[in-house]
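**Q** Chain by chain, the residues run as shown.
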Amino acid sequence: MKRTLIPIGPYHPLQEEAEFFQLFVEGETVVDMDVRISYNHRGIEELSSRKTFDQVPYLVERVCGICSASHPIAYIQAVEDIARVQVPDRALYLRTIVLELERLHSHMLWIGLAGHFIGYNTVWMWVWRYREPVMDILELITGSRVNYANAKIGGVRRDVSPDLYPEIRKAADAVVGPIELVIKAVRDDPVLRARLKGVGVLKKSAARAWCVTGPTARGSGLHIDVRKDDPYAAYDRLKFDEVVWDDGDVYCKFMVRCFECLEAVKIIHQCLDQIEPGPIDAMVREIPPGDGCGHAEAPRGETFHFVRSDGSATPVRHKVRAPSYVNIPSFKASCVGQEIADVALILASVDPCYSCTERVAVAKDVSTGKVLWTHSDLVRLSREKTVRMGGK
Amino acid sequence: MGWKMWALKKSVWVYHVNVGACNNCDIEILELLTPRYDIERFGMMLVGSPRHADALLVTGICTRQSVRRLQEVYLQTAKPCVVFVIGSCAGDRGIFKAGYGSPAPVDEVIREVDPNAIIAYVPGCPPRPEAMISGVVKALAAI
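Top to bottom, those sequences are chains A and B. Residues 18 to 409 (our numbering) are what the first sequence spells out, left to right. Residues 10 to 152 (our numbering) are what the second sequence spells out, left to right.
None of these hints come from the bench; they were simulated from the model. Take the hints with a grain of salt, since some may be wrong.
Derived list of chain B stretches under chain A, where covered just means 3 residues or more per stretch with a C-beta under 8 Å from a C-beta of chain A [what the hints assert, rightly or not]:
#, segment
1, 13–20
2, 60–68
3, 114–122
4, 125–138
In the BS3-like style, the derived pairs of lysine-lysine whose C-alpha atoms are separated by at most 30 Å in a straight line are [stated by the list, open to error]:
#, chain 1, residue 1, chain 2, residue 2
5, A, K214, A, K201
6, B, K18, A, K68
7, A, K283, A, K349
8, A, K336, B, K18
9, A, K402, B, K18
10, A, K256, A, K187
11, A, K68, A, K19
12, A, K256, A, K221
13, B, K147, B, K18
Every residue gets a Cβ at the ideal spot worked out from N, C-alpha and C, and that includes glycine.
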């Protein structure tokens, strides 16, 4: 059959962000695909080497607007790893609360968008409406709806008054009903079920081969969760289930996110039960030389930050590895063999975040025969420049 | 352009261009469509093509990759077209000003192709949905 190329993007009504997909189709079936990113490359890593340690959280918060608690916390843990800081318990609990509220709002955002992508705008509208109390409570705790600026090196910036606890509990509980409704709807509604079940299967072996993380991996039966594997913040003191579904289709990823919302509510309640009055800041004054790593389970998967300090006020090197960076290539495994009509949903099913991903401007080789810079080309260029500069 | 301006102010249809934003402004724009803010009751609607749009909602710092694309999108809109520059990044690149990621702020990029472009700014990181509604109302009152 004749092979046709369908370009999607960089600006496309389907997409929030600029990214470029090339779908190679035969009839209605996708036979191959290619993803081109880096339309959103903003040079955050370079910029962060010109900010002081305390200013960088403000910057990494803007790596991705939706993971704006996970990224700073991963960075801060990296710095705390260098400085060997003992963070006060209360600060750890407060961080956990914000992280879980963020997970709630991000997953609900995704559930809504998934409804939007399959043409079920009712789901979108209702779920986003139920998401609003979460945004309100985040604003109440941190002062902003989406950029929280809550965590700092050594603790958190703002304390939460005990008067707010009932409000937080109320907002978290308000989410449970609607999420259970969605779970029931997806289980029972023949249309939703038909559109989600068996679509875009990412098998366990493929998931492992593509190194996916987060709900994408847990929807494929992999037990990967930073909160369990290497607990940070207060997660080692909390009881919660790792939600894992085995089939790897969009339905499983949907369910993983729904049930994670319910787990998040449980975690928030436990935090509020266990949290005790106390200091919220370890008052870090100096960052010694050294390397540090920090990672956190963002709503989309593991976000990893590496920081190197030489004892000055700014990080010498700061490396960000965002979850979407590993999740996006898995499209190649999950889209091939599917219908074009399902591709939008499959692409959305990993909850891709392109602004997270575009830390590196290395263009990659594609099968279309176009000349692009490959990694080795760039390395060669870089080496030649060294020779040029050193040769004189 | 008398009657065109008059027509522009009724039921503004908007096209959303993300030229290098962190998604915050974008989710807040989508928030506008959902039940709490529901701007569709004012006749504002997100459309899928710049050719249908009366206004562009531009978010992000305008990365090097997006300069030409933004200009192209702007040229494709029906004139008169109002450009709403949403957020600090789009307004003056915010924290990214010092970086190499963006050659020029959004308004300069658009003025390069149309010196008389109508540009309205809604600052904030990200601006609250209420601020965006107020920005649109004020801009429409001013033109």
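**Q** Compare the structure with each hint and give your call.
**A** Tested hints:
For a cut-off of 8 Å, the count of residues in the segment 13–20 of chain B with a CB near a CB of chain A stands at 0, and the three-residue condition is violated. With 0 residues having a beta carbon nearer than 8 Å to a beta carbon of chain A, the segment 60–68 of chain B misses the requirement of three or more and the stated coverage is violated. Counting residues of the segment 114–122 of chain B whose beta carbon lies closer than 8 Å to any beta carbon of chain A gives 0, which falls below the threshold of three, so the coverage claim is violated. Coverage of the segment 125–138 of chain B by chain A holds. Counting CB-CB distances below 8 Å, 3 residues qualify, and the rule asks for three or more.
Distance hint between A/K214 and A/K201 is fulfilled; the C-alpha atoms sit about 14 Å from each other, no more than 30 Å. Between B/K18 and A/K68 the alpha-carbon distance is near 44 Å, which puts this suggested pair outside the 30 Å criterion. Only pairs whose Cα atoms come within 30 Å are accepted, and A/K283 paired with A/K349 is rejected, the gap being roughly 35 Å. Proposed proximity of A/K336 and B/K18 is contradicted: the alpha carbons are some 47 Å apart, above 30 Å.
Between A/K402 and B/K18 the alpha-carbon distance is near 55 Å, which puts this suggested pair outside the 30 Å criterion. Between A/K256 and A/K187 the CA atoms are separated by roughly 20 Å; this keeps the pair inside 30 Å, and the hint holds. A threshold of 30 Å between alpha carbons decides the hint, and for A/K68 with A/K19 the separation of about 53 Å lies outside it, so the pair is violated. For the suggested pair A/K256 and A/K221, the alpha carbons sit about 26 Å apart, so the restraint of at most 30 Å is met.
Taking the CA atoms of B/K147 and B/K18, the gap is near 11 Å; set against the 30 Å cutoff, the hint holds.
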